[in-house]
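Following the hints, complete the assembly by docking chain H onto the known chain W.
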Amino acid sequence: MSDKVPIRRLPTGVPGLDAVLGGGVPEFSFNVIAGTPGSGKTTLVQQIMFALARADRPAIFFTVLGEPPLKMLRYQQQFEFFDLAKVNASVRFINLAKEAREAGLGAVLKRIVQEVEATSPAIVIVDSFRSVMEAAQRQAAGPDVQHLVQELAMRLTGWQATTFLVGEFQLADTENHPIFTVADGLVWLHQSLDRNSMVRKLQVMKMRSQAPIPGLHTFRITDRGLQVFPRLIAGPPEPPLADGEGKTKGRPPRRSVGVTGLDEMLGGGIPSGYSVLVAGPSGSGKSILATEFIREGARRGEPGVIAVFEKRPSEYAQTSTIGLDQAASNGQVAIIHTRPLDLSIDETLHELTEAIHRVTAKRVVIDSLSGFELALAPTFREDFRESLYRLVAALTGMGLTVMMTAELEDSYTDLRFSPHGTAFLTDAIILQRYVELDGQLKRVMAVVKVRGSAHKNDLRLFEITADGIVVGERIGNYQGLLTGSPHLVSSGSRLPHGRPTTPRPKS
Amino acid sequence: MTSDNIRQRVFRRMLAREAGTGANARAIAGAARGLCERFAEQLTPLIGDAGVAAIWARSLHLTERNVRGLASVRAAAQGDAPFAHLQLSLEQQEPAAATEAAVAVLATANELLASFIGEGLTTSLLREAWPEDFAGDTTEETIT
Chain W
1 MSDKVPIRRL
11 PTGVPGLDAV
21 LGGGVPEFSF
31 NVIAGTPGSG
41 KTTLVQQIMF
51 ALARADRPAI
61 FFTVLGEPPL
71 KMLRYQQQFE
81 FFDLAKVNAS
91 VRFINLAKEA
101 REAGLGAVLK
111 RIVQEVEATS
121 PAIVIVDSFR
131 SVMEAAQRQA
141 AGPDVQHLVQ
151 ELAMRLTGWQ
161 ATTFLVGEFQ
171 LADTENHPIF
181 TVADGLVWLH
191 QSLDRNSMVR
201 KLQVMKMRSQ
211 APIPGLHTFR
221 ITDRGLQVFP
231 RLIAGPPEPP
241 LADGEGKTKG
251 RPPRRSVGVT
261 GLDEMLGGGI
271 PSGYSVLVAG
281 PSGSGKSILA
291 TEFIREGARR
301 GEPGVIAVFE
311 KRPSEYAQTS
321 TIGLDQAASN
331 GQVAIIHTRP
341 LDLSIDETLH
351 ELTEAIHRVT
361 AKRVVIDSLS
371 GFELALAPTF
381 REDFRESLYR
391 LVAALTGMGL
401 TVMMTAELED
411 SYTDLRFSPH
421 GTAFLTDAII
431 LQRYVELDGQ
441 LKRVMAVVKV
451 RGSAHKNDLR
461 LFEITADGIV
471 VGERIGNYQG
481 LLTGSPHLVS
491 SGSRLPHGRP
501 TTPRPKS
Chain H
1 MTSDNIRQRV
11 FRRMLAREAG
21 TGANARAIAG
31 AARGLCERFA
41 EQLTPLIGDA
51 GVAAIWARSL
61 HLTERNVRGL
71 ASVRAAAQGD
81 APFAHLQLSL
91 EQQEPAAATE
101 AAVAVLATAN
111 ELLASFIGEG
121 LTTSLLREAW
131 PEDFAGDTTE
141 ETIT
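Those protein sequence lines, which keep their order, are chains W and H. With this note's numbering, letter number 23 in the first sequence gets 23, and the count goes up by one each step, no holes. With this note's numbering, letter number 23 in the second sequence gets 23, and the count goes up by one each step, no holes.
So that you can see chain W by itself, here it is in the shape it has in the complex (with noise of 0.2 Å):
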């Protein structure tokens, strides 16, 4: 039996900000909430408070200068998060506007101190600490801060009460300021704007006692009050053993694309826990080679999630081939759309991972890479290499198979995967390409890369048909498709592997 203290983690109520701080706000700690005017400081402690406080755990909240508490009341009861049942029950505001004015921080911190003493609250917040400050600093004799909050710290944690303070800092008080050293918590909350998108983000600068996740992470403000997305920490992809690799090392099973000579294509399937990267022109079937893949797995029990950041779910389940809608309706397949134009990636997976819990999903299909990158705040197109990188290896770090679509021009001076330059992140590769034969456009698939699993190189012509895509032959005696001008060569005269007259493949 350990003789170290245990530090408990209060819960906070705020979804998603218990991860990033490490397991919660430890108990009887004492925490900054900082940030510019605007960026949720109180609403964030408001949410704290009303899911902390009850009969046996009461909090105060001691309104400053700064907000009128009046509109404070007025706009905080908006959010759902607002019991109206617990005011002046387990919670109370106390409003010391008057003994900041009259007779300075000293007085307002003795307050403080009679207040908690009086009545012994588990929970107590000040907001806004900054103008208690600013009110000792325009005193002539100005008070010793620095020791005055390492009291105020020191009894407000002896009388076992767990603190925040609020206050409008700004980055580089945290140099100087002596609250910043006293406190046990820095928590900064940040709003940015880039052309016309803001974006906020939250930061655990420190927290004793425990292990933040690091870095900024964005979260939104709804009417049900603050959701944090905690930022995606993700190792590379350890891509699951395919066919074709060591004896003793396990094969992971084949997902079906649901589509007849593609399995066979890519020699036998999707690698479970692959990711693949469906390439093509517009209009060339991507999306319905996605739905396809998504649609058998509902077929054979593996339930699958679609992002769309194109069209609307209502639409893309309309008008996907037969059966979509249905395994919907099922609870098979779960199609999100969501919010464009300021997303962050974390987001994105957040709206992912609920989807792929509540329908136990095997598969997950991004459709597309280009509705997604568009989708995003333009902080994060940045970016977008490495928030797809991280996106990839989550969810294939779940285990899931993932397929993804990119629209790529249909170019015939080079060939590319994937027009963000993110074809190196995925474990398989389809393409799709136009080609004219015979006076007629026709589709061509191939199969570029099935890492560590052999697979077929055939360009093969497809159809989609009302039931959906068919893959017919390979497409012989012919050369120089890929490059827009292909000829014919007799079987006889045709070299043995063709000499590659198609363009240097980039990715």
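Please keep in mind that the hints were generated in silico from the structure rather than gathered at the bench.
Facing chain H, according to a computed beta carbon distance under 10 Å, are these residues of chain W, among others:
{"#": "1", "residue": "Phe93"}
{"#": "2", "residue": "Ile94"}
{"#": "3", "residue": "Arg101"}
Ideal Cβ positions, reconstructed from N, Cα and C, are used throughout, including at glycine.
Using the frame of chain W, we list chain H on its own:
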């Protein structure tokens, strides 16, 4: 019955109880001041003295249109002891008029506060000071 009428009924009953049966204007004025001060005491911890002063000034402004003698109160009530001026004004009126003026101011302040922070929170606050008069839930039917 509207919630305004209910508010007036509640404050009229409270005033009669505090002033006593058949009270003269002086007793009514004293009781009205007591109720106002209790009202303010209840609110000050929550919305601060500045918040109370704002509610009080607006309530007087809204009430003085219909109630004689209150205009001078608002002008004089900006400093310390704001309710003393109301008391003085009411003392100079007939008992019935003093009652109506006091009830109107209190009911207006109550309504104004409810318009800012909601009926639920307002009733919950007043219930702490006057549990019997603001018993029950926050809807108008349950204000007794």
